[in-house]
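Can you join these two chains into the complex? Each is in its own frame, and there are hints to help.
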Amino acid sequence: MTARERIAGNVAGYVDDRTGAAKWMKKNLTKVFPDHWSFLLGEICLYSFVILLLSGTFLTFWFDPSMREVVYDGSYAPLKGLEMSAAYASTLDISFEVRGGLLMRQIHHWAALIFMVGIVVHLLRVYFTGAFRKPREFNWIIGVGLLTLGIVEGFLGYSLPDDLLSGTGIRIAEAIIQALPLVGSYLAFFAFGGAFPGEAFIPRIYTVHVLLLPGIFLALITVHLMLVWYQKHTQFPGPGRTEKNVVGYPLMPVYMAKAGGFFFIVFGVTAFLGAVASINPIWLYGPYTPGQISAGSQPDWYMGWLDGLVRMAPPLETHAFGHTISWNILIPGLILPGIMFTGLALYPFIESWATGDKREHHLLDRPRNTPNRTAIGVMALTFTLVSLINGGNDIIATTFHLTINQMMWFARISVLVLPPIAFIITKRLCLSLQRADRDLVLHGRETGRLVRMPNGEFVEVHEPISAEKAWLLTSHEQLAPLELPEHDASGVRRPAALKNKLRNRISRAAAVAVPKATETERRELEGHH
Amino acid sequence: MKRLSRLRRHRAAGPILLIFALFTIGTTFQVASAVNKDATSVADRAVTIEEGKQIFLKGCSSCHGLNAEGGGIAPSLIGVGAASVDFQVATGRMPMADMSTQAMRKKPVYNAEEVNALATYVASLAPGPQVPGEEMLNYERDGSVAEGGELFRTNCAMCHNFAAQGGALTQGKYAPTLMGVEPRHIYEAMITGPQSMPVFSDKTITPEEKLSIIKWIKAAESEPQLGGVALGRVGPVTEGLLVWTLGIGLLVGVAVWLAMKAR
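Protein chains in written order, with this note's numbering: chain A, 1 to 529; chain B, 1 to 263.
Excised from the complex, chain B in its bound form (with noise of 0.2 angstroms):
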């Protein structure tokens, strides 16, 4: 008891005590705010979900079904994922504004906001391909411009052009220019495969993979235009264009002048 009661007395017990005392209060505090944290995430979900839900039912449910099952002219949405409605929304793709070839990029009508509240409401239905987070996407840091380039050329090219420019697919439908496109929406179009575009599962191309070609597709979007004026970057039509226009209208002028000229 002596010797308890020298310790007690000691000049370092209060300070001990003190820190001791900060310590399991914070840890306490630190694992009660985790938990409640989780319970307000749980309970703010849930709201996000019938924000989702209530914007879906006015903009999208007319076409998509009440509960997202479809219909005749619209796909069911159960099981399409986050990543698909943030990559059709977030892109202006829907709401469809012409029905006849396919969806294509416009000024969006939802924000933000109202894209992840869709997004987390169509998940909450079953389970399917998230939308990728900023770390995951840090393709400067994880990708290769030059395998990019390779894989682009393997996999994408043939139909959006060797400069990711976009090309014509058959009926009226198109794939895309690829430039001004966000990182994000490329990376949720390879894995969910909107419109006529094939998905590219994580086994075809790994997420690594992706992220070199969204770091190319970046590149050729930053690309300086080496030779002089890039005339569109779709090969020779437009070149071919140039030289019977400009090309012989200048000479032809030229050869005019001449034969007036000094007799």
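Chain A with its partners taken away, still in its complex shape (with noise of 0.2 angstroms):
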């Protein structure tokens, strides 16, 4: 033993005498993880969370959430003498005056931006994947619950600098709490402590933005994080990987590594974003006055589907018993987006309830072997882009010499007609991928190696695939669909019929596939060839 490795268990026995930590730590630090590049795309909302704490925390300490009127008197010339709010003028300070002042608000905005991107990317494998299956249904509840707060967070962190395009959003979302019926108008005076914009606001919604949302999402993190740590980590299918086991590399001393690495490239790679890349020039937007707005007003991209949904949305208003009830802004604003969102977090229970399959997955699915349930993820990700596309239909318009209406015009029906062409096109495609694959499986790799036999046939190499390969395009289940009594013994309908029968019907629509190859397919081949 060299002194180094005495001295260094000197330490640990010290600390594990008094902490008890060594039986912990053993068990932890050998925790084995699956390794796959997807599985680190939840690390990156995880980091860039981190980012954002730290790069906030930063951004507290100069930033005054006052609306107080101040005259600016900075380095910034073409604002100078205007009056202001506080809240605005100490974020041009925090860019033009404050040392690394810029670079921090602008690592902070990128943070936010990739946190986003990260969650919707992370949800997307988790759902393409099935991964939110039986026993992980609360995990992907919570992080249906994250992505709803980030985009809340985001927007009121856009709204803090009081400039003319965060103002201009939160006229919107005063416009949204407004169009609530009955309740609208005063919910509104209440959020806003009065008439529109009022002096509470800016104040209010820091309050909210640094401290009650991030306490909401670090808590939300960690039992997000405890799950998956309590529940171990899904693997895609593959040699040796079972529904009992986890095939990969301890925490300690490759996850570390890999994990602790990848923490400083997001870093990296968001200090970049901000050091070479503008974002939210504040001070081009100038402060917010009510009677202003610039054309091309925009949210941040994570908003930008709803106001593409607003954008699009036709004039339609109901006068009755003396109120107004704005549909052209309650559908887009409200039902349609809770319509979403309730289904996003109640999707694994109706896929269950859908499937009868109430058993635990640890194995992760192959995208095309639940053609169903990849195409209305498509589905939903096509009208979700059709609806962001319009919210920057300004822009494009300009851009591609287009016009604007017949943009909107092309919104208004693809939102509706493309989505269910999306469902039927990845439907098809998942199938043809599983026929594919049981060719692969059957009658091997083409090789384009062309044989003239000697009776003149020519015919095509195949070379068999690995017991491996072929064992990953094999090892899925193809479940049956229900069939769920419509009658009972006696021939009579039961009282459940209509209900059975819709699940039958749609069990059987997920259960469609193309049968993949069995060994006994695969075995008559090998005799033929």
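Please note: incorrect hints may appear among the correct ones.
Straight line, CA to CA, 20 angstroms or less: simulated EDC-like cross-link-like pairs of lysine to aspartate or glutamate [to be verified]:
hint, chain 1, residue 1, chain 2, residue 2
1, A, Lys80, B, Glu140
2, A, Lys516, A, Glu457
3, A, Lys134, A, Glu243
4, A, Lys80, B, Glu209
5, A, Lys516, A, Asp439
6, B, Lys261, A, Glu43
Don't read these hints as lab results, they were simulated from the structure.
As structure tokens, then:
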């Protein structure tokens, strides 16, 4: 034992005598994680959240969340001598007077965008591979909660500097609150402490942005990770991987190094963006006054699809009993997002209800092997993407010399037409990929080598695929459709007949598949060749 | 008589008379030449108008009519003034190449002299806003950047965007970018209201305020890229595009590399 090892041992022993950590550490540091690049997507969110906490704390040292009127006397000449809120003036000071302030502001904003991108791509990975299935439904719901809160938190941060763009965003938020039937105008007065914009809003959203929501985030992220820890990570199917084991590498040292290194990479990419690319140049927007607005006012991308829905909504209003119900805001601003987020959160339960699959799953699905789920996902993505594009319709119109009216009609029609088409195309694609898998297993890989037989016949030589590959392509299970009874033994309709009929129909649609290659089929064909 | 004769023979008489004579001749010439200049200017003006008319008949009358009275596809130009002609022709908007949505800025067809002739011709038809002179456009001296910014955000940004980069209007029309536009043309646009733009009369925005707006636009034009690449100064759309391409692209690339690495 070298001197160094002896000292390290002594220190470790000293700590262990007082904390008893050794036993816990020994167990948990050897915990095994499966290896796949897509399992690092969630880490992007975690790390950018840490970056957000650090850079955000820096910004709070100088930011003054107050609507107090001040006269700007900083170094940015085009705004010198203008009256503005202390919130805006202090954000200008962070940008131009505080050393490193602009870089920190830009890192904070880029990290927020990366946080939201990370959440979405992580969600897509979890969705398309079926990682949300039992026992992980709660963690899925927590994830959907984090996505929703992330949108709110990002919007509040965008609103804080009280520049012309953020004020415009708050105005739209106020309109959405007001669109609530009956209580809307009261709620808006309550939120803003009087008429818009008032003096209360900036201090209020500041508290929510820096205290309440980050606290909720910390709690939810902790639970999210603890559940991953406790339930163990899912893995892609492969030789030796079962529902009862996890094949991978231990946390210490492999994942400590990988995850730790990845943190610095995420920080590096964020800092790189913050250093080279301008984001939210509030000095160009100018201070907010309700009388001003800029062409091309847009929200950040994660709100863009909501803005796009509002932009395409036809002007529908109902006047009844002295009240106006603005359907044009209520539907795209509240009802549709409500339906989408509820559907998203409940999806694991809906799927297990539809397929009747109540078992635990720790092996992931390949998206092609669950055509219905994949197609539903692509359908929802298409809907969101069309809405997102319409959210930037004015910028797209001027860039590509299109008319904004045509853009809007394109969006109105395609937001209804394209998602079902996307569903059908995706489902067909999945099925033909299944067919390709089946062919690959049964006939092997096409080598492109043509051989002329003695009888003059030309054949292409197929090379059999490896046993591992064949196993990978055939290990998934293909669920049989539900056959719930609609009639009882004596042929009388059961009370639950309608419900059962619906479930049978949905599960039949979900179970459509190209039968996977079986061992018998393979043997038969081998005998033939 | 003796007194006069004595003065006549005075030593200073000669130089005084000489100065007097020179002064008189000079003044007379000055007055005469001024009159003369005016006379030639009127003649010149008539020539310029004639030149302008010839250009007009060749290049503009097929749409605007032989007497600038307008037609089915183009408005009457009687009373639009020299400022309007100078703006439309010197920025290349007229003659129009594509009549589908609106005249766009392009390389001017006519040179400065021809534009002046056209403007003088159209101004001769009926009085209208005049081309602002050099002295009038001294925005560096007479304008205020901060005030100009306020006025711009109140009156212009709703179409031209917060950083004067332009924006979309209905049916394919658009408010063009103001980057690289001559101060004279910005001024003329405000007083004549070309295409979809409203007229900002001197009562709505005073000439000094117009100069402040021009000064702010010029400041925006020469503003350095303060936070790094400006991404077009069109707001969050390009930022979102960058984060979904370069941002997540880099991170996923590294994730793939990490997953392959050091097993």
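Hint by hint, which ones does the structure fall short of?
-> 2
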